[in-house]
Each structure stands twice: as C-alpha cells, then as structure tokens.
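**Q** Model the full assembly from the supplied sequences, consistent with the hints where possible.
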Amino acid sequence: MIINNKRIIEMDMARGLATLAVIIIHTSSMALYNNGNVQSLNYTLCLVLNQLTRFSVPLFVLLSGMGLTLSYKYKSYFSFLKHRLLKIWPYYIFWCVLYILFITKDSFSAITIKYVFTGKIYYHFYFVFLITQFYIIYPFFKRFFESKVGFVLLLVFNAVILFSSFQYNFPNSTIHFWDKKNMLYWLFYFSFGCFLGKYFYKINFKKGKILYILLFIFSTYIILKESISLSMYVKDIDYYTKFLRPSVFLYSLCFTLFIFSINFNKVLKSFLKYISKVSFDIYLVHPFILHYILMFYKKHHYNAGTIYFCILAFLISLIASIIIAEIKKKVIKN
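Numbering (full-length UniProt numbering) for the sequence shown: 1 to 334.
Hints may contain errors.
[Unchecked claim] With beta-carbon atoms standing in for the labels, derived distance ranges:
(1) Lys299 x Asn263: 42 to 52 Å
(2) Ser147 x Tyr302: 46 to 56 Å
(3) Lys206 x Lys114: 22 to 32 Å
Derived by calculation from the structure, the hints in this document are not laboratory data. Virtual Cβ for every residue (Gly too), placed ideally from N, Cα, C.
**A** Spelled out as structure tokens, the structure:
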C-alpha cells in the first residue's frame with residue numbers, strides 16, 4: 001500500500017483504469033450494435049474489449065464504499081449527505097441540461113425532471129442515481145457493510161440474485177428489480193469496498209500476488225468464453241455483455257485484487273493518477289462526445305462496427321473529455 005499526500009495510490013490506479021474502461025465499454029458497445037455479424041473478426045475483437053473492461057462500474061462502486069470508509073468522520077448525517085451530494089449533483093444536473101438540449105431534445109416537463117432525479121436522462125447517468133442511494137444508506141449500515149458477517153451475507157445474496165437474473169432473463173422487463181439501477185445488484189461491491197477500506201492498512205496485497213494473477217487469468221477465460229459462446233446463438237446483445245452476470249461478478253472481484261497487488265511504472269502511474277482526478281468529469285462528458293462521433297460516422301456512411309472505430313472513438317472522446325475537464329477547472333478557479 002502506498003500513500004501519497006493523503007491519497008492511496010492503489011485507489012488512484014484502480015479509478016483511473018475504471019474510467020478508461022467505461023469509455024471502452026461504450027465505444028465497443030456502439031461497434032457491436034453497428035456490426036451485426038457475430039462471426040466476423042471485428043465483432044469478436046470488439047466483444048473481447050467490451051468484456052475485458054466490464055470491471056469498470058463494479059470497481060467504481062467498490063471504490064466509493066472504500067473511500068467513504070477511509071474518510072468518514074461526520075457526526076451529523078445531514079452534513080455528510082450535504083457534503084457528498086454537493087460534490088456530484090450540481091455538475092451532474094448541468095450536464096443533464098446539456099444532454100437534454102443537444103441530444104435527447106426533450107421538453108422540460110415533469111417527466112424530464114423525474115428522469116433527472118432517477119438517472120434516466122441518458123444511458124450512463126444511472127450511476128449517479130446508484131451512488132446517491134449508497135450515500136443515503138451508508139451511515140445507517142456502516143458497521144454492517146464493514147463487518148465480516150455483512151461481507152459473507154452480501155456475497156451470497158448477490159451471487160444468488162445475479163445467477164437468478166441471468167438464468168431467468170427478462171430483457172424487456174420494466175420492473176425495477178431487473179434494472180441495473182437497482183441498488184441490490186451492486187450491494188456486495190459497495191460492501192466489499194467498505195470492508196477493504198476498514199482493513200486496507202492491515203492487508204498486504206503483494207503477498208497474494210501470484211494467487212491473484214492466477215484468479216485473474218481464470219476469471220478472464222470464464223468471462224470471454226461465456227460471452228463469445230453465447231453470442232453465437234443468443235440474439236440479445238445485452239444478455240451476453242451486460243454487467244449483471246455471475247461471470248462479471250467473479251471477474252470484477254479478481255481484477256480488483258489483481259490491480260491492488262501489482263506495481264505500476266512511473267509514467268503509467270502518473271497518467272492514471274491524473275485520469276483518476278478528472279474521472280467524474282470524463283464519466284459525465286464522454287457519451288456526449290461519442291454521440292456526435294457516431295452521428296458523423298453515420299452521416300458519411302462510415303462503418304462504425306469495427307475495431308478501428310473503437311480505438312478512434314475512444315481516443316477522441318477521452319481527449320475531448322479531458323479538455324472539457326481542464327476548461328471547467330479554469331472556470332471554477334476564476
């Protein structure tokens with residue numbers, strides 16, 4: 001474990017990787033939906049990229065629980081909630097307005113306002129609604145989330161509901177229980193983060209490095225084997241790519257332990273640390289950029305179902321998001 005100016009380097013590395021991964025998920029998903037030929041090399045490559053980066057949101061949720069546990073010092077529930085919500089909601093609402101004005105072009109009705117407060121304005125905003133729910137309940141369940149009993153119970157609970165939702169798939173269901181915004185599906189990741197936060201200074205991740213590497217390799221094989229096999233006979237792309245699958249659950253946990261156990265070189269460490277600092281900005285902004293990249297491709301009849309699209313869209317959306325994040329910094333300073 002390395003602490004630098006009150007920042008835990010392992011958390012910065014993990015958050016930086018999760019930020020880059022979520023962009024890759026969205027670019028590769030666009031490519032998959034614009035390809036259609038599951039037997040093509042482009043489709044397989046995009047699917048592999050999509051699955052290898054599925055640790056992103058689980059890791060974000062885990063890091064949220066971990067960060068709260070490591071930094072929680074509030075005596076008042078409302079002071080805690082106010083501090084946390086003011087860090088994310090003003091900027092989130094600002095971007096909701098921009099997405100409404102330039103992408104969805106919905107009227108500012110009661111339904112639109114409801115969508116803002118439930119994370120439904122655009123496909124990635126569910127995460128803000130999800131994390132807000134954890135902020136609301138965290139002070140009440142703090143001890144349970146950090147306990148070994150809570151760890152085991154939520155591990156079993158999440159494994160059961162993930163297996164059930166995957167085994168008995170309801171792709172068109174409007175029932176909230178089957179929605180990825182349902183906090184229940186993410187409870188263990190958050191609790192695991194709280195648990196790690198409590199014992200982080202006592203755990204030597206480097207000792208288990210070989211085991212974590214082997215587990216990571218095994219879980220990588222499982223998630224790729226499953227998704228590629230299912231893609232051959234299941235038409236619903238969401239079914240074999242979504243987060244709410246047992247294989248993603250296993251892969252995300254193994255990836256987390258693997259990342260915490262390895263060392264990064266100085267250049268990569270510096271880059272990921274920077275990405276970590278602007279991660280929320282990048283998360284909110286990049287789908288906005290991706291939307292216009294895809295529009296440009298369609299307007300000029302370019303093929304958006306290739307690995308080249310994934311790489312180009314990733315680079316453009318990342319760079320543009322960073323530029324916007326830097327502009328925001330300067331505006332706030334002035």
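**Q** Against this structure, judge whether each hint is valid.
**A** The hints, checked one at a time:
| no. | hint | verdict |
| --- | --- | --- |
| 1 | Lys299 x Asn263: 42 to 52 Å | holds (45 Å) |
| 2 | Ser147 x Tyr302: 46 to 56 Å | holds (53 Å) |
| 3 | Lys206 x Lys114: 22 to 32 Å | violated (48 Å) |
Violation of the numbered hints given earlier is confined to hint 3; every other hint is satisfied by the structure.
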